[in-house]
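These protein sequence lines are chains X and V, in that order.
As numbered in our numbering, the first sequence has no gaps in its residue numbers, which increase by one up to the final residue, 388.
As numbered in our numbering, the second sequence has no gaps in its residue numbers, which increase by one up to the final residue, 270.
Please note that the accuracy of each hint is not assured.
[Unchecked claim] Now the stretches of chain V that chain X is said to cover, found in silico as 3 or more residues with beta-carbon under 8 Å:
no., region
1, 3 to 14
2, 41 to 50
3, 153 to 167
4, 254 to 266
Everything labelled a hint here was simulated from the structure, so no lab data went into it.
Since the model is a prediction, treat every value here as computed from it, not as a measurement.
Every residue, glycine too, gets a C-beta built ideally from N, C-alpha and C.
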Amino acid sequence: MGSVRTAVVGVGQTRHVAARHDVSMAGLVREAAREALDDAGMDFGDVDAVVIGKAPDMFEGVVMPELYLADALGATGKPMLRVHTAGSVGGSTAIVAAKLVMAGIHERVLTVAFEKQSESNATWGLTVEMPFSAPLVAGAGGYFAPLIRAYIRRSGAPSHIGHLVAVKDRRNALRNPKAHLHLPDIDLKAVEESFLLWEPLRYLDTCPSSDGAMALVLGSEDVAATVPGPVAWIHGTAMRSEPTMFAGRDQVNPRAGRECAADVYAQAGVTDPRRDFDCAEVYVPFSWYEPMWLENLGFCAQGEGWKLTESGATALDGDIPWNPSGGVLSSNPIGASGMIRFGEAAQQVRGRAGDCQVPLHTGRALGHAYGGGSQFFSMWVVGAELPA
Amino acid sequence: MDAAWALYEAWVAIQTGDVDSALIYGFGKSSLGDLHEIMTLQTDPYTVAPLWPSMVDLAALQASVFLAATGRSDAELAAVAARSRRAALANPYAVAAEDVAEDALLARPVTHAPLRDADIAPITDGAAAMIIAVRDVAERHCERPAYLRGIEHRVDPQGLGLRDLTTSTSATLAAHAAGVADGPVEVAELHAQFSHEELILREALGLGDDVEVNPSGGALGANPVMATGLIRIGEVATRIRSGAVRRGVAHAAQGPCLQQNLVCVLEADR
Numbered sequence: 001m002g003s004v005r006t007a008v009v010g011v012g013q014t015r016h017v018a019a020r021h022d023v024s025m026a027g028l029v030r031e032a033a034r035e036a037l038d039d040a041g042m043d044f045g046d047v048d049a050v051v052i053g054k055a056p057d058m059f060e061g062v063v064m065p066e067l068y069l070a071d072a073l074g075a076t077g078k079p080m081l082r083v084h085t086a087g088s089v090g091g092s093t094a095i096v097a098a099k100l101v102m103a104g105i106h107e108r109v110l111t112v113a114f115e116k117q118s119e120s121n122a123t124w125g126l127t128v129e130m131p132f133s134a135p136l137v138a139g140a141g142g143y144f145a146p147l148i149r150a151y152i153r154r155s156g157a158p159s160h161i162g163h164l165v166a167v168k169d170r171r172n173a174l175r176n177p178k179a180h181l182h183l184p185d186i187d188l189k190a191v192e193e194s195f196l197l198w199e200p201l202r203y204l205d206t207c208p209s210s211d212g213a214m215a216l217v218l219g220s221e222d223v224a225a226t227v228p229g230p231v232a233w234i235h236g237t238a239m240r241s242e243p244t245m246f247a248g249r250d251q252v253n254p255r256a257g258r259e260c261a262a263d264v265y266a267q268a269g270v271t272d273p274r275r276d277f278d279c280a281e282v283y284v285p286f287s288w289y290e291p292m293w294l295e296n297l298g299f300c301a302q303g304e305g306w307k308l309t310e311s312g313a314t315a316l317d318g319d320i321p322w323n324p325s326g327g328v329l330s331s332n333p334i335g336a337s338g339m340i341r342f343g344e345a346a347q348q349v350r351g352r353a354g355d356c357q358v359p360l361h362t363g364r365a366l367g368h369a370y371g372g373g374s375q376f377f378s379m380w381v382v383g384a385e386l387p388a
Numbered sequence: 001m002d003a004a005w006a007l008y009e010a011w012v013a014i015q016t017g018d019v020d021s022a023l024i025y026g027f028g029k030s031s032l033g034d035l036h037e038i039m040t041l042q043t044d045p046y047t048v049a050p051l052w053p054s055m056v057d058l059a060a061l062q063a064s065v066f067l068a069a070t071g072r073s074d075a076e077l078a079a080v081a082a083r084s085r086r087a088a089l090a091n092p093y094a095v096a097a098e099d100v101a102e103d104a105l106l107a108r109p110v111t112h113a114p115l116r117d118a119d120i121a122p123i124t125d126g127a128a129a130m131i132i133a134v135r136d137v138a139e140r141h142c143e144r145p146a147y148l149r150g151i152e153h154r155v156d157p158q159g160l161g162l163r164d165l166t167t168s169t170s171a172t173l174a175a176h177a178a179g180v181a182d183g184p185v186e187v188a189e190l191h192a193q194f195s196h197e198e199l200i201l202r203e204a205l206g207l208g209d210d211v212e213v214n215p216s217g218g219a220l221g222a223n224p225v226m227a228t229g230l231i232r233i234g235e236v237a238t239r240i241r242s243g244a245v246r247r248g249v250a251h252a253a254q255g256p257c258l259q260q261n262l263v264c265v266l267e268a269d270r
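The shape of chain X in the complex, shown without the other chains (with noise of 0.2 Å):
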């Protein structure tokens, strides 16, 4: 994992709304940063590095938007780096940002993923016929749709689960201000009487589309010494890839997903993620992926993923509770997602997470993220002491 221990030394995230008229794609990054900077007690001149991650862009339609931030993030005259991993791509690039800090190579990096999706169209971004991929006309609900209905039939979970799931990450999108959706009314009956979308997912099954950006600081163990906050160490990283379609293919358990997870749990020493975390931030972006991901990350026993949703155990009062922000569910500025998820679990275990905050006992949480066609995946574990 590299000679250097590392820790996230910073957090700063936009207010998530449906579209941001006052500010350009600079300004919303830029507001990130600044929170993120002012965390750390820094400032723009004492970052070594920038490293930007986004969703495809086709989504807003500016060809590699890092060259245009640059300037708004400070990187003039140091190196700055852009990261593409689909939805992943939050995750994967706070990880690419921390093997600078691993490696020796910088001190100081500031990291910023954001995506502005009230001046882009992602399910078109999404269906338009790509020159060296097969079409997928669908968006990304129409894509996962059937991968549920498959997950749904292998485990014969009762229809219900997803709007428990549905209802659980607004209610905890309550107690989070920068959430975008606060829906303070939500229950099982109206998110059973929303209008469905593709089947099994209704309206409020599906996240929203966000605008927003959210931001980390990362230091060397030198540096997380001379911070004024609580830092979160990074104790594990890993990413893993596979194409989007083989033969024998399993995209309801993709093996990225749990070799992924395998391998980030070796380096933090984690044996039993329902024990040994005190809460997760997973990329659920419909709700039936709860369980889904629960199946696939370990938490429990194939075909039980639903049963541990059902009985509460994933609730903020839970033993171990799922975005306690209100997740991927209650905001999706798509390129962002994942590194929000990051940012949440570093939070958590800093004890900055607020009215979300769940009690600490190990000290650990799971940052997660996936993107593509169930096919990149992303994930980092952070605790509150030094790793080991």
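Given the coordinates of chain X, assemble chain V onto it according to the supplied hints.
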């Protein structure tokens, strides 16, 4: 990003000690679209892109500013273009190769003043791949590895009014950090998509007149976008591995008017 930055990322992975070797690749298939107009979408989406300047328009602007400020003439651009096209004859991967003299190019029409077609990198489909490894592994597989002595990249602000277009500040910073001047440079492969960019980069990187530049024909010979920068590094590495040279410099760039630059120094052990 150009695959040269993928090489940087792979180099970082090796620095962490997590991996011993890495495969890097990049590809471009510019024939499928209108590259010059697509690159317009790299510019500020609120204030510049709506004016729809193509990447060639922006390059021509930089070339004009550069020639005016330095008192150089388009004959020097033609000299770069002619030398590149002749060098490309010896490169089986090049697409714009011809035995042509500077005077003959000067007689051709100016298409984007002060640039002529031969000053503009050709639309190219292509891919490149590279394998890097730690010393032990490299020496097991390769008789004369080309060692990466320094690899650094820097970026300038994009706004054309925010920087001096007669030079490339970020290229100079990257060259300094990579240690270009720490030893003799025998060969340099520069990612110049336009003739004037080579002249700007020679100065920005501090390369003397004795340095052989772009013996492959450079990007003016073949420009598979996103692989072109990595190819520059591969061309220098190949010359070191063959024993033709001992130390060389490779450069990659992206963004309008040489906005972002990567410089690496490659060297043989002996």
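Checked hints:
| no. | hint | result |
| --- | --- | --- |
| 1 | 3 to 14 | holds (count 5) |
| 2 | 41 to 50 | holds (count 7) |
| 3 | 153 to 167 | holds (count 8) |
| 4 | 254 to 266 | holds (count 5) |
When held up to the earlier numbered hints, the structure conflicts with none and fits them all.
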